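Chains as they are written, first to last, in our numbering: chain A, 16 to 281; chain B, 16 to 281; chain C, 16 to 281; chain D, 16 to 281.
Bear in mind the hints are in silico, worked out from the structure with no lab data behind them. Because the structure is a prediction, the values reported are computed rather than measured. All C-beta atoms, glycine included, are put in the ideal place defined by N, C-alpha and C. There's no promise every hint is true.
Stated by the list, open to error - Have a look at the derived ranges for each label pair, beta carbon to beta carbon:
{"#": "1", "chain 1": "C", "residue 1": "191", "chain 2": "B", "residue 2": "39", "range": "36 to 46 Å"}
{"#": "2", "chain 1": "B", "residue 1": "100", "chain 2": "A", "residue 2": "107", "range": "15 to 25 Å"}
{"#": "3", "chain 1": "B", "residue 1": "210", "chain 2": "A", "residue 2": "86", "range": "34 to 44 Å"}
{"#": "4", "chain 1": "C", "residue 1": "278", "chain 2": "B", "residue 2": "17", "range": "42 to 52 Å"}
{"#": "5", "chain 1": "B", "residue 1": "104", "chain 2": "D", "residue 2": "189", "range": "49 to 59 Å"}
{"#": "6", "chain 1": "A", "residue 1": "107", "chain 2": "B", "residue 2": "43", "range": "49 to 59 Å"}
As the list claims (entries may be wrong) - Here are the simulated SDA-like cross-link-like pairs (lysine to any residue), alpha carbons at most 20 Å apart as the crow flies:
{"#": "7", "chain 1": "D", "residue 1": "60", "chain 2": "C", "residue 2": "153"}
{"#": "8", "chain 1": "D", "residue 1": "273", "chain 2": "A", "residue 2": "263"}
{"#": "9", "chain 1": "A", "residue 1": "266", "chain 2": "D", "residue 2": "280"}
{"#": "10", "chain 1": "D", "residue 1": "60", "chain 2": "C", "residue 2": "147"}
{"#": "11", "chain 1": "A", "residue 1": "266", "chain 2": "D", "residue 2": "62"}
{"#": "12", "chain 1": "B", "residue 1": "60", "chain 2": "A", "residue 2": "126"}
{"#": "13", "chain 1": "B", "residue 1": "273", "chain 2": "C", "residue 2": "267"}
{"#": "14", "chain 1": "C", "residue 1": "188", "chain 2": "C", "residue 2": "215"}
{"#": "15", "chain 1": "A", "residue 1": "273", "chain 2": "D", "residue 2": "100"}
{"#": "16", "chain 1": "C", "residue 1": "273", "chain 2": "B", "residue 2": "279"}
{"#": "17", "chain 1": "D", "residue 1": "273", "chain 2": "A", "residue 2": "257"}
{"#": "18", "chain 1": "B", "residue 1": "273", "chain 2": "C", "residue 2": "275"}
{"#": "19", "chain 1": "C", "residue 1": "60", "chain 2": "D", "residue 2": "271"}
{"#": "20", "chain 1": "B", "residue 1": "266", "chain 2": "C", "residue 2": "266"}
{"#": "21", "chain 1": "D", "residue 1": "273", "chain 2": "A", "residue 2": "85"}
{"#": "22", "chain 1": "B", "residue 1": "188", "chain 2": "C", "residue 2": "215"}
{"#": "23", "chain 1": "A", "residue 1": "85", "chain 2": "A", "residue 2": "67"}
{"#": "24", "chain 1": "D", "residue 1": "273", "chain 2": "A", "residue 2": "126"}
{"#": "25", "chain 1": "A", "residue 1": "273", "chain 2": "D", "residue 2": "270"}
{"#": "26", "chain 1": "B", "residue 1": "273", "chain 2": "B", "residue 2": "18"}
{"#": "27", "chain 1": "D", "residue 1": "188", "chain 2": "C", "residue 2": "206"}
{"#": "28", "chain 1": "A", "residue 1": "266", "chain 2": "D", "residue 2": "270"}
{"#": "29", "chain 1": "B", "residue 1": "60", "chain 2": "A", "residue 2": "85"}
{"#": "30", "chain 1": "C", "residue 1": "266", "chain 2": "B", "residue 2": "279"}
{"#": "31", "chain 1": "D", "residue 1": "273", "chain 2": "A", "residue 2": "217"}
{"#": "32", "chain 1": "A", "residue 1": "188", "chain 2": "D", "residue 2": "221"}
{"#": "33", "chain 1": "B", "residue 1": "266", "chain 2": "C", "residue 2": "188"}
{"#": "34", "chain 1": "A", "residue 1": "266", "chain 2": "A", "residue 2": "17"}
Number of protein chains: 4
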Amino acid sequence: SLPLMLFGGMNVLESRELALEVAETYVDVTRRLGMPYVFKASFDKANRSSIHSFRGPGLETGLAWLAEIKARYGVPVITDVHEPWQAAPAAEVADVIQLPAFLARQTDLVVAMARTGAVINIKKPQFLAPHEMRHIIAKCREAGNERVILCERGSSFGYNNLVVDMLGFGDMKQTGHPVFFDVTHSLQRPGGRADSADGRRAQVAELARAGVAVGLAGLFLEAHPDPDNARCDGPCALPLDRLEPFLAQLKALDELVKGFAPLSIT
Amino acid sequence: SLPLMLFGGMNVLESRELALEVAETYVDVTRRLGMPYVFKASFDKANRSSIHSFRGPGLETGLAWLAEIKARYGVPVITDVHEPWQAAPAAEVADVIQLPAFLARQTDLVVAMARTGAVINIKKPQFLAPHEMRHIIAKCREAGNERVILCERGSSFGYNNLVVDMLGFGDMKQTGHPVFFDVTHSLQRPGGRADSADGRRAQVAELARAGVAVGLAGLFLEAHPDPDNARCDGPCALPLDRLEPFLAQLKALDELVKGFAPLSIT
Amino acid sequence: SLPLMLFGGMNVLESRELALEVAETYVDVTRRLGMPYVFKASFDKANRSSIHSFRGPGLETGLAWLAEIKARYGVPVITDVHEPWQAAPAAEVADVIQLPAFLARQTDLVVAMARTGAVINIKKPQFLAPHEMRHIIAKCREAGNERVILCERGSSFGYNNLVVDMLGFGDMKQTGHPVFFDVTHSLQRPGGRADSADGRRAQVAELARAGVAVGLAGLFLEAHPDPDNARCDGPCALPLDRLEPFLAQLKALDELVKGFAPLSIT
Amino acid sequence: SLPLMLFGGMNVLESRELALEVAETYVDVTRRLGMPYVFKASFDKANRSSIHSFRGPGLETGLAWLAEIKARYGVPVITDVHEPWQAAPAAEVADVIQLPAFLARQTDLVVAMARTGAVINIKKPQFLAPHEMRHIIAKCREAGNERVILCERGSSFGYNNLVVDMLGFGDMKQTGHPVFFDVTHSLQRPGGRADSADGRRAQVAELARAGVAVGLAGLFLEAHPDPDNARCDGPCALPLDRLEPFLAQLKALDELVKGFAPLSIT
């Protein structure tokens, strides 16, 4: 197995300066740890709870910032797209383009993304069983793209709560595609605040450890230098100054688990 | 309370001839029953499980057929939109435009729909608590449109199953907006067939009765002359030849329930 | 179909006087309405959240009070049992003995109850699918008793919440046994108060109507003259002075629904 | 933190010989690994799906076999009790007595068990939120016993499925009591076979790793030399010949995780 890859960054591109600061921290930490790394940030948050919520710099500016980060730090980047017309321009800059969970069933968007030839990171919808991901993979394949990653981010568990089904990782691995784990969004408490989701970032380490111990291709993570003042999903964000010890532990865990002999239990 | 209104029709516009046949049946039946009626059909099924699934005639042709039905039978029409650019042309023909459940959090789509001035039918996402619908209503209001209808269509209940929370109707009524019940989609078994959802249409009458007995503004229903050969969601569709007795029973139930004195239990 | 039967009473036998008051009200109301009626109360609440919660008068005193009610008002009675040794004495007084939801899988209890020959009311566990009730029915049958009633009381829906699956009634009817609906316990919010369950009694009428509209053999109901001061499950109890209008509406609904011609949708 | 303890054994005491064989294997393996160990087996399976299911040797014989294992191998033993009168005799032999999940709210049973002074292992009911375990702890404390262990075994997730909420371990640790993880029962598919639960034993290693990575006091495990012919819960049982590599991996994982510095994320 390959070592754990990190799709890590920030939720939304709050400003060019902050994006550079966050990217530099991730790059430094992952280089010290020898961890394969892709910088993640969104140019637009298209599904906030409130119309007044901050959405980001938009496609053009956002992609320019991502291109700058890519050039300056020599790292691949990943960003998410929300409408079919955004797929091609996003894929000109981004190495991986991400299909949002709520949109993962929209055929036109899936096809437009697949046709770019970029790697597609499919967030598993909160309402979808792990084995149903094969339908979305099939759509990509039929559009000519088999470079697909599957990414867990929690399942609806009653109202206003998510649960991560650790057995779902194994179900998704059966597809043969790499399986990632978006640990920070899985900490969401949907509808938990007056006009946005709440989150349980104090438990980010234990949830990440659980997932990595199952044996994953990669981790998806959002961090922020000041989570309480982040403009989106701060309640789920890892404090940026905790990044290095957090990742160092997960790296050790990943190495241990991937060194285990298969047990072949049938 | 006003009498039960029907948003009734077919899933996808399979052909002009079939649409006319279905519309004529609904119009005849609802006129005989004295039931306020809006014809429903989709011009595009944008989120089918498979890329090979039938999607419909597309925006232009579909709207032309809806316009013909509207003119020929003198009934309002409702159709669903999937991308912001579709909202304005759809609202030129449709009296009610529908926000799909999976897309109900997409701010650009909500705003584009609200700005048309049409009535908006918001399908409650399978992953959203009833009281969270207020966020989507607020987005519409802030875009200048308060003519909003809320429509239940089931909540995720584990994998591959939906449940209708009858107490959620009351939670949604607290918003002051009319509450409808999409009974046929609530019968879905997501992922229940090899490449599409299964459904439980044999139970459509009992589920519809349960919802109508709570006291609703309206019912949303899809029917088909040959459900086993419908091109989408046939497993949930009411056989068209059962429409009149089905609706006659619900009308009687609605009249009884709306005649009840309030019980004021606190 | 037979008319709706009522298993109605109070949660726990708080005192002899209160039990008589409650029974008399139910008897009067159901006689005026012509509704078949069985008085329900518990002699022991064996699974309260707190050790300090009121539990009731115990088996001997409780059964004496039930016998008095039975004799005085000429009505059958139902009560619940929690351990195998209680089944026989309970069945000497009670016409129907009830298997609690949490205990519905305990073989010794089921067998002891079945062997009394009394009618058994099986509460569906919150963790059990409707079609799984056949296993409990089979245990009764193998112990020689086929006089079994199935009673819905809500399914776990995430943490601290229940949902009533209206399609589950139909699944349970497939067994051929009468299906009842415990509407007041279905209103529970488990763990909703500091040391007990909360409830949503303001919504009792809409939930009861939904269930009765499906077509049921009977309703299970708890009421109290002063729900805010009830010693158990007050948050779910119907105020006793609302009993008559509440039941009158359900009776009208039941008569309407049972008069409907079958629709035979396959 | 103390090293991971194992409550390990077999589901039901199928025979004296098999119990000895299983116990000997566990004892040998855990001694080689230096893992604290308690032998687990049930003398009675009181809540099987079918009345014809094998239940075990009963209290007297079962306790005799447990006493023999305890004496022969010098290990503590744990067994589960189902009715209050069983608590005292069970506690004469067993060092830990276990409160079954379905029965965890039965006050008389909890109190009878607590009064024995034995350590109590409380299985978390499938219908209970992790933070609600405090009510059961309080019952034990008020009965004079604070030697309580909390044990996760999955939560109801729709019908016929369980999910393990990895964040629930942290919620339960807040109580200050040791938290264990019953990994084999968490693999159940309730109602998955014609007359019993199905299970997913092929995934036992990944689920166990996920839990142990969170940081646990102990693991609960059932194994069998021939799972396909086990008399209860074979679909969930670890093949006994896989025990040593399975535990060796978990031990390494536990040591790694317990060596991590706390991250203090707030």
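Here is how each hint holds up against the structure:
no.	hint	verdict
1	C:191 to B:39: 36 to 46 Å	holds (41 Å)
2	B:100 to A:107: 15 to 25 Å	holds (22 Å)
3	B:210 to A:86: 34 to 44 Å	holds (43 Å)
4	C:278 to B:17: 42 to 52 Å	violated (25 Å)
5	B:104 to D:189: 49 to 59 Å	holds (55 Å)
6	A:107 to B:43: 49 to 59 Å	holds (55 Å)
7	D:60 to C:153	holds (17 Å)
8	D:273 to A:263	holds (14 Å)
9	A:266 to D:280	holds (18 Å)
10	D:60 to C:147	holds (18 Å)
11	A:266 to D:62	violated (43 Å)
12	B:60 to A:126	holds (14 Å)
13	B:273 to C:267	holds (12 Å)
14	C:188 to C:215	violated (27 Å)
15	A:273 to D:100	violated (49 Å)
16	C:273 to B:279	violated (27 Å)
17	D:273 to A:257	holds (18 Å)
18	B:273 to C:275	holds (18 Å)
19	C:60 to D:271	violated (47 Å)
20	B:266 to C:266	holds (18 Å)
21	D:273 to A:85	violated (37 Å)
22	B:188 to C:215	holds (15 Å)
23	A:85 to A:67	violated (30 Å)
24	D:273 to A:126	violated (46 Å)
25	A:273 to D:270	holds (16 Å)
26	B:273 to B:18	holds (8 Å)
27	D:188 to C:206	holds (18 Å)
28	A:266 to D:270	holds (15 Å)
29	B:60 to A:85	violated (38 Å)
30	C:266 to B:279	holds (19 Å)
31	D:273 to A:217	holds (18 Å)
32	A:188 to D:221	holds (12 Å)
33	B:266 to C:188	violated (25 Å)
34	A:266 to A:17	holds (12 Å)
In this structure, the earlier hints numbered 4, 11, 14, 15, 16, 19, 21, 23, 24, 29 and 33 are contradicted, and the remaining ones agree with it.
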